[in-house]
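Peer 1: Now for the letters of each chain:
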Amino acid sequence: MFLEYSISYKAQNSYENWVNDAHWQFLIIPEENDTQEFISVEFNNSINAVNQHSINGLGFKTIRVHPKQKFKNISFNASFKLIKKEVNPFGFVPSPDIEKDYERIHDLSFKVDFEPFLRTTYLTSLPKNNERLFVFNEEKSIFDNLQNLNYFVFKHLYFKTDVTDVETTLDEIIEKRHGVCQDFTHLFCALARQNSVPARYVSGYLHQGNGYFGDSQMHAWAETYIPNLGWVGFDPTNNLLTSIDHIKVAHGKDYKDCSPLRGVLYTSGENKTIHSVKVFSQQQ
Amino acid sequence: MLARVANNLFWMGRYIERSEHIARYLNVNYFSSLDAPNEISQSRQFVLRSMLFMVGEPENDSKKKLNEEEILYKIGLDPEFSYSILNNVKSTRENANSARDLISTELYEAINKFYHFVLNYPAESFMKQGLFDFTVNITEMTSILRAKLRGTLLHNEVYAIIMMGVNIERATQVIRIINSKYNDALNAQGSYGDKFSNSYEWSTLLKCAESYDMMKRFYKKTPTSISTLEFLILNPNCPRSIMNSLNQVYNHVKVLDSSKKYNKNSTAFLIGKVRAEYEFKYIEEIEEDIQSFIENILESLVKISNKMEKEFFDY
Amino acid sequence: MVNTENAIFSSYKRDPNLNDEIFDKNGNVIEIYKKLLKLYGDHSINDYVNLNTKAKSSFFNQGITFQVYSEKSTQEKIFPFDLFPRIIAPEDWEIIESGSLQRSKALNLFLWDLYHEKKIIKQGIVPMELISSSINYLHQMMDIDPPGGIYNHISGTDIIKHTDGKYYVLEDNIRCPSGVSYVICNRTALKRALFGVFNHYQAHTVTNYAENLLDLLESVKPKGVDVPNCVVITPGMYNSAFYEHSYLAKTMGVELVEGRDLFVENDFVYMKTIQGPQKVDVIYRRIDDFFIDPLEFKPDSAIGVPGLFAAYKKGNVTLANAPGTGVADDKAVYTYMPQIIKYYLDEEPILNNVHTYHCSRPDELKYVLEHIPELVIKPVDEAGGYGISIGNRLSKSEIEQVKKQVGQNPRKYVAQPIMSLSVHPTYIDDTESFEQRHVDLRTYTILGKDKEFVLKGGLTRVALQKGNLIVNSSQGGGSKDTWVLKK
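Protein chains in written order, with UniProt numbering: chain A, 1 to 284; chain B, 1 to 315; chain C, 1 to 487.
No lab work stands behind these hints, which were simulated from the structure alone.
Backbone N, C-alpha and C define an ideal beta-carbon position, used for all residues, glycine too.
Check before you lean on any hint, since a few could be wrong.
Claimed, not checked - Label pairs and their in silico Cβ distance ranges:
{"hint": "1", "chain 1": "B", "residue 1": "Lys128", "chain 2": "C", "residue 2": "Asn409", "range": "30 to 40 angstroms"}
{"hint": "2", "chain 1": "A", "residue 1": "Asp97", "chain 2": "C", "residue 2": "Glu452", "range": "30 to 40 angstroms"}
{"hint": "3", "chain 1": "B", "residue 1": "Glu124", "chain 2": "A", "residue 2": "Thr273", "range": "55 to 65 angstroms"}
{"hint": "4", "chain 1": "A", "residue 1": "Gln69", "chain 2": "C", "residue 2": "Glu452", "range": "43 to 53 angstroms"}
{"hint": "5", "chain 1": "A", "residue 1": "Ser109", "chain 2": "C", "residue 2": "Gly407", "range": "32 to 42 angstroms"}
{"hint": "6", "chain 1": "B", "residue 1": "Leu298", "chain 2": "C", "residue 2": "Glu265", "range": "56 to 66 angstroms"}
{"hint": "7", "chain 1": "A", "residue 1": "Lys272", "chain 2": "C", "residue 2": "His355", "range": "55 to 65 angstroms"}
{"hint": "8", "chain 1": "A", "residue 1": "Ser196", "chain 2": "C", "residue 2": "Thr188", "range": "57 to 67 angstroms"}
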């Protein structure tokens with residue numbers, strides 16, 4: 001099955017005082033991959049500044065904006081159209097030799113190749129007494145363990161908006177047991193890495209037609225590397241394997257590598273930003 | 001050349017020139033007042049007020065008794081007063097520092113010596129007996145800087161930018177000095193039948209601009225209001241006159257803007273226009289309303305400076 | 001007392017336990033210094049007092065200064081310069097030069113490997129922790145092929161001469177090694193003060209550094225650029241090394257820019273000039289990795305250029321040194337240098353490494369904690385001599401303090417036996433006489449596309465405080481003109 005998606009992204013920024021110099025970098029364009037095929041991308045801003053298409057340090061598509069005039073209000077509108085292909089997440093042959101898979105992930109060469117996604121970062125660092133919060137059962141396959149981990153994270157945390165932010169670390173999340181998709185994903189990645197499975201943080205859009213959690217902004221989930229299977233997506237916020245509803249934008253070690261909007265600007269006083277994301281689909 | 005660095009060089013030129021004029025103004029006014037022919041011109045309070053007026057900090061309370069040491073310190077060495085000679089020299093060096101790779105070692109060394117001289121000048125002795133020594137040293141050191149500018153820099157765009165700063169500042173300071181002394185001449189009227197037009201203050205004015213000898217040579221008469229103003233504003237051969245400064249600014253901007261095309265938005269066009277206006281003025285016109293003349297020319301100089309900023313330094 | 005009829009050295013106290021570079025064990029003058037000592041002997045100590053004062057004010061007037069930051073204020077200081085030069089014999093220099101070059105080349109290949117296949121780690125020659133626990137290992141640099149294959153275009157190697165008479169490397173600096181301008185200024189200053197001595201020695205010139213550097217920068221231009229436009233980028237005039245940045249720009253004849261002078265458009269870099277934007281192709285950057293681009297690294301960096309990294313990644317501009325070189329000048333990497341040289345070049349190291357204990361390894365940590373009085377403890381990621389503890393200088397309570405610090409964060413520290421740096425006669429202001437002071441040497445190596453150059457000279461740094469082993473300028477060190485004699 002194929003779905004045709006149209007996604008709209010809006011950001012409205014307003015400032016108390018004039019902004020004379022500002023740079024923004026948007027990381028919001030869906031990635032092109034095996035299951036995502038591009039139709040169109042449109043991007044504009046309210047003050048007609050030039051939009052420059054570029055890449056970030058990890059090679060994902062970005063749009064940079066650097067207005068040449070001063071302003072107090074600026075809004076950005078993006079709309080993307082793409083075709084998403086459905087892949088059955090369970091449509092693979094189960095691993096013939098579980099032991100070998102574990103051997104593989106403990107192999108030095110494997111660890112070196114996947115070093116970035118095994119690394120503990122500031123946002124994926126487990127508090128000392130919680131390092132064994134979830135331990136793999138090596139009798140079962142890596143895939144099964146990850147599914148259990150997905151369920152564990154889903155159950156362990158309670159979805160609640162506005163209680164955490166992009167700087168919240170795992171000690172607080174584990175202690176208070178609540179958060180949003182970023183926090184679920186950070187915890188999932190941390191525990192997968194703790195069990196030697198490479199895990200990367202993914203940002204993207206979620207089609208919410210099915211009543212899934214994920215606020216009306218961008219969504220986050222994880223991808224883990226499983227020997228013989230490759231990268232497999234898990235959405236711990238919804239206890240799902242990623243599917244046709246997940247439209248990927250970028251991945252990285254944690255949120256910091258994927259933040260949809262980075263800005264450098266020089267102004268004083270209050271400022272306000274409103275983001276909104278809408279995802280529509282149409283069966284092909 | 002980088003736009004930011006060009007801006008710094010422009011201001012370096014301005015600060016060098018500014019320090020010189022302030023120093024000389026202090027020196028000339030203070031020392032010529034000591035034996036001035038009338039009581040007002042001799043009054044220490046009168047001189048101190050004139051100094052404050054010149055640096056843009058006029059004392060409005062006519063009854064207030066000014067403290068000589070305080071005023072001298074403020075204008076000479078006060079790090080808190082942005083127009084002080086110390087701060088001008090600091091800014092000179094700061095701007096030179098950022099363009100160090102573009103200016104000659106000789107010029108930089110001279111600026112650096114200048115800076116250390118001012119920075120290390122003991123404030124106590126400056127206020128009590130060092131005024132003459134300090135101000136003479138400043139004016140001599142700025143002469144050295146002028147010579148280093150002229151003699152150790154390639155006469156290219158770097159030189160042109162600095163010289164535009166120097167000349168715009170010169171025109172500005174000479175106008176400010178004229179304004180102060182015009183004000184003094186008005187205030188010093190009355191005693192001993194000393195009229196405004198042949199006030200002692202006109203000689204002081206010429207000395208403040210180092211133009212007294214040149215003027216005497218040219219007119220062979222005691223300076224009057226009209227001959228002094230004519231000489232300092234309109235005489236293109238007097239190196240301190242407004243006209244001469246404008247001519248130089250015009251020549252230097254040509255180095256930066258070599259386009260032959262007519263462009264009414266360019267800095268070169270604006271400078272040319274202002275220059276042409278003064279080239280064909282006569283002094284009687286100016287004398288009718290000196291106050292508005294002073295305001296107009298200052299406004300034109302600010303316009304030129306702003307236009308330069310937009311065209312060359314906007315970064 | 002030393003065996004010399006020389007007036008200015010008559011009160012020179014020689015400690016027999018130290019390796020004096022100009023006197024042998026019996027107090028006899030070493031051959032290459034004989035003439036120099038005789039020439040200096042023609043002067044009285046008063047002459048030196050005068051010359052020294054003059055040399056100081058010459059540095060001051062030229063503004064060859066650096067800023068020292070303290071809590072209260074920023075002070076402008078001159079880098080103390082000693083009038084008695086250090087001489088390096090041609091045969092010694094051959095070892096130093098080939099050794100420095102060998103290390104720089106090996107480090108360059110090491111960096112290429114770390115940012116591509118990582119074979120040296122996969123083969124277990126260096127441990128994975130070197131990259132996985134290093135914040136200086138930049139994932140953004142993976143699979144980027146820098147022009148000419150060069151990462152560490154400019155390297156500074158810190159070398160000492162031990163009591164055994166052999167040269168040891170203390171540190172490889174491959175981020176933004178500084179100090180080269182002082183090498184040239186010291187030569188100029190000594191020529192001004194004592195030009196006569198140069199007639200009797202054939203020393204290599206040091207003024208050819210800038211032309212070689214420019215040549216190198218041009219050799220690593222991006223693809224498709226004919227005549228590259230090179231610039232030097234500085235954090236600004238309040239940076240302690242600003243004099244050097246402006247010196248290098250001036251002598252290379254290129255623009256000295258700050259971040260705000262540059263902008264990126266469509267992934268190309270431009271500088272803002274009075275004639276409008278002008279494209280920039282090669283940037284010799286004296287800004288640390290994390291500050292070069294606020295959109296990619298530290299968002300609060302006010303000295304970087306937004307979008308610069310994307311332009312670099314697309315191959316439209318060259319950065320020298322390349323971002324991410326810091327991973328290899330980590331002090332923990334240093335200890336693997338013999339293996340790294342062997343692995344990439346199949347050569348034995350020419351210069352010795354000082355044995356290093358890794359506090360991250362439990363058995364070595366144990367040794368370190370038990371032997372602190374015999375060791376130098378260094379944090380692995382600090383530059384400028386900060387945070388170094390020298391064991392035999394610590395009081396009991398200080399030792400406990402260090403133990404606690406190291407125990408809490410063992411990965412952060414390495415330890416080395418206390419090396420005895422050689423000493424050199426140095427004029428001391430306070431006593432108005434020559435005294436023994438410890439010295440080291442920083443060499444400057446540049447690598448370009450099919451080009452290499454080692455400056456024949458280098459910065460001899462002197463620890464001006466008696467007995468002190470830390471020679472960094474920020475820690476009150478001075479320097480000497482260094483002559484490499486022609487064969």
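Peer 1: Against this structure, judge whether each hint is valid.
Peer 2: Structure-based check of all given hints:
Separation of Lys128/B from Asn409/C is about 59 angstroms and departs from the stated range, judged on CB atoms against 30 to 40 angstroms. Roughly 51 angstroms separates the CB atoms of Asp97/A and Glu452/C, a value that falls outside the hinted 30 to 40 angstroms. At about 57 angstroms, the CB distance of Glu124/B to Thr273/A agrees with the hint of 55 to 65 angstroms. Range check, Gln69/A to Glu452/C: about 49 angstroms between beta-carbon atoms, so the 43 to 53 angstroms window is met.
Separated by about 33 angstroms at the C-beta atoms, Ser109/A and Gly407/C satisfy the suggested range of 32 to 42 angstroms. In this structure the supplied range 56 to 66 angstroms is violated for Leu298/B paired with Glu265/C, their Cβ-Cβ distance being about 39 angstroms. Against the hinted window of 55 to 65 angstroms, the Cβ-Cβ separation of Lys272/A and His355/C comes to about 59 angstroms, which satisfies the hint. Hint check: Ser196/A to Thr188/C, Cβ distance near 59 angstroms, so the stated range 57 to 67 angstroms holds.
In terms of the numbered hints stated before, the structure departs from hints 1, 2, 6, listed from lowest to highest.
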